[in-house]
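Chains as they are written, first to last, in our numbering: chain A, 59 to 319; chain B, 13 to 72; chain C, 33 to 254.
Careful, some of the hints might be misleading.
[As the list claims (entries may be wrong)] To spell it out: a stretch of chain A is covered by chain B in this simulated footprint if at least three of its residues, at any positions, have a beta carbon under 8 Å from a beta carbon of chain B; those stretches are:
| hint | segment |
| --- | --- |
| 1 | 110 to 121 |
| 2 | 153 to 164 |
| 3 | 188 to 196 |
Honestly, the hints are just simulated from the structure, not real lab data. For clarity, every value in this text was computed on a predicted model and none was experimentally measured. A virtual CB, placed ideally from N, CA and C, is assigned to each residue, including glycine.
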Amino acid sequence: MSLIDLANPTRFLALSARLLPWLAGATIILLAIGLYQSALAPDDYQQGATVKIMFIHVPNAWLSMFVWGVMSIASLGTLVWRHPLADVAAKAAAPIGASFTFLALLTGSLWGRPMWGTYWEWDARLTSVLILFLMYLGLMALWRAVDDPSRAARAAAVLTLVGAINLPIIKFSVDWWNTLHQPASVMRMGGSTLDKSFLIPLLVMAIAFTLLFVTLHLAAMRNEILRRRVRSLQMMQASRVAFSSELSTGSREENASKGAA
Amino acid sequence: MMSLGPYAPFIVTSYAAAALVVVILIGWIVLDYRSQTGRLRELERSGVTRRSARSSTDRP
Amino acid sequence: MTALSALIRRDIRIALRVGGGALIGVLFFLTVVVLMPFAVGPDLALLSRLGPAILWLGALLASLLTLDRLFMADHEDGSLDLITMSRTPLELACAAKALAHWLAAGLPLIVATPVLGLLLNLDMVATAAVALTLLAGTPALTFTGMIGAALAVTLHRGGLLMAVLVLPLSIPVLIFGVAASQAVIVGPMNFGAPFSILCALSLVSLVIGPFAAAASLRHGLD
Chain A
59 MSLIDLANPT RFLALSARLL PWLAGATIIL LAIGLYQSAL APDDYQQGAT VKIMFIHVPN
119 AWLSMFVWGV MSIASLGTLV WRHPLADVAA KAAAPIGASF TFLALLTGSL WGRPMWGTYW
179 EWDARLTSVL ILFLMYLGLM ALWRAVDDPS RAARAAAVLT LVGAINLPII KFSVDWWNTL
239 HQPASVMRMG GSTLDKSFLI PLLVMAIAFT LLFVTLHLAA MRNEILRRRV RSLQMMQASR
299 VAFSSELSTG SREENASKGA A
Chain B
13 MMSLGPYAPF IVTSYAAAAL VVVILIGWIV LDYRSQTGRL RELERSGVTR RSARSSTDRP
Chain C
33 MTALSALIRR DIRIALRVGG GALIGVLFFL TVVVLMPFAV GPDLALLSRL GPAILWLGAL
93 LASLLTLDRL FMADHEDGSL DLITMSRTPL ELACAAKALA HWLAAGLPLI VATPVLGLLL
153 NLDMVATAAV ALTLLAGTPA LTFTGMIGAA LAVTLHRGGL LMAVLVLPLS IPVLIFGVAA
213 SQAVIVGPMN FGAPFSILCA LSLVSLVIGP FAAAASLRHG LD
């Protein structure tokens, strides 16, 4: 039991050190291909060159949901299987997911300015991404609110799973709310069918961004393991200092009592 | 070079923002890694060793 | 069963006592609604249009504020440990506590709604619709908020953090609650569809809430 507890993070560190350069390389190559292809992609007959924003907006929007899925699986790992690395994975993923969600919102609003004429439209998709962003921030606040990582991990795991159940409900209700309040003339992003000349760069970019997430997540998990190691070592150091000072005062008292006798 | 049409600022801004955020993320992770390994080395140099009695504080 | 009913009776009695927060919740609800005309101006037509939204927001905030103490007081005097250790399943105990909280703090809000509807220039039918949607929707608010309360007690943090965590989860309830009441007042929409979805949300939260709260208490208190 304790062997596994000790070995797992160490083995993980070794594995991540071996994997990270390859992952980073693959990410860079795929990103380069994707950027090149999206630069070559033709203009949309309706949206003009602004369709190029899609190539980074859609991967970020996809990742904003994918990362929550990763965190949900990690939360199951924390609560059900009690895997020692699960809460590390969940904690490391939250800021990265929040960044991608922020990018999805930002690029969506930059795309909306030419299309809708305003930076922000209470469009169903943008609104649900905004709520997702709020939930990421709440989760990060929860992680930050507590010192003890294992206690914070279980609370965050419960919240992540509740969020995962609620996210489809929120999406559905926001869609419903939107059709109630918006006339149907609002232009839908993306359109119904995508031409092949858009689809291939989009797919390449989506895979590249997913690889980027995997790379960053692995590196952030490594940082988190190291941070916990530092924390436990500092606690050991502190307790050792306290213990030795206690010892010395104790022996002094003993000497004093001996002297008195 | 390609022409971006009348909405070039929006396209360029969104790509630049994505690049900026990703660079900030990478920078944060790299700096964090450096500071954690540095602290770890410092602690080990000062004589605090790992492995012994860390299961009680680190993992439940 | 007797243990659960004893728990419910005890919680209601505590909530209705002077120190309990139940009646302060109603007072808060009243104050929020009275504040609204100062923000938007005393335009009665506008107020009657915004009425259901104002009432729903007030009820949401009031139930959130009173929920803060749901587990905290029991944690402080140690009775929460007894509840977690007792033979009744923790999920059921959580559900009983939430039910007691709803009876003590949620129902008074609904009773107060007609008076507040009068202030907001809502007619009889509209007030009845808002009260009915609140009756169907506030259990969902209580049972989702309970998750936040359980997290707050295990983290020893309450207040703002809990509100930040719980409010996004209550967006669907707000949407369908307000939509159903608006449907009666202005809408071409019929009342049935949003109202039945609201009831469904309440039922779903009735299941999810106790399980999540019990999980967070069980994992957080040991």
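If any of the earlier hints don't hold here, list their numbers in rising order.
Of the numbered hints given earlier, the structure breaks just one, which is hint 3.
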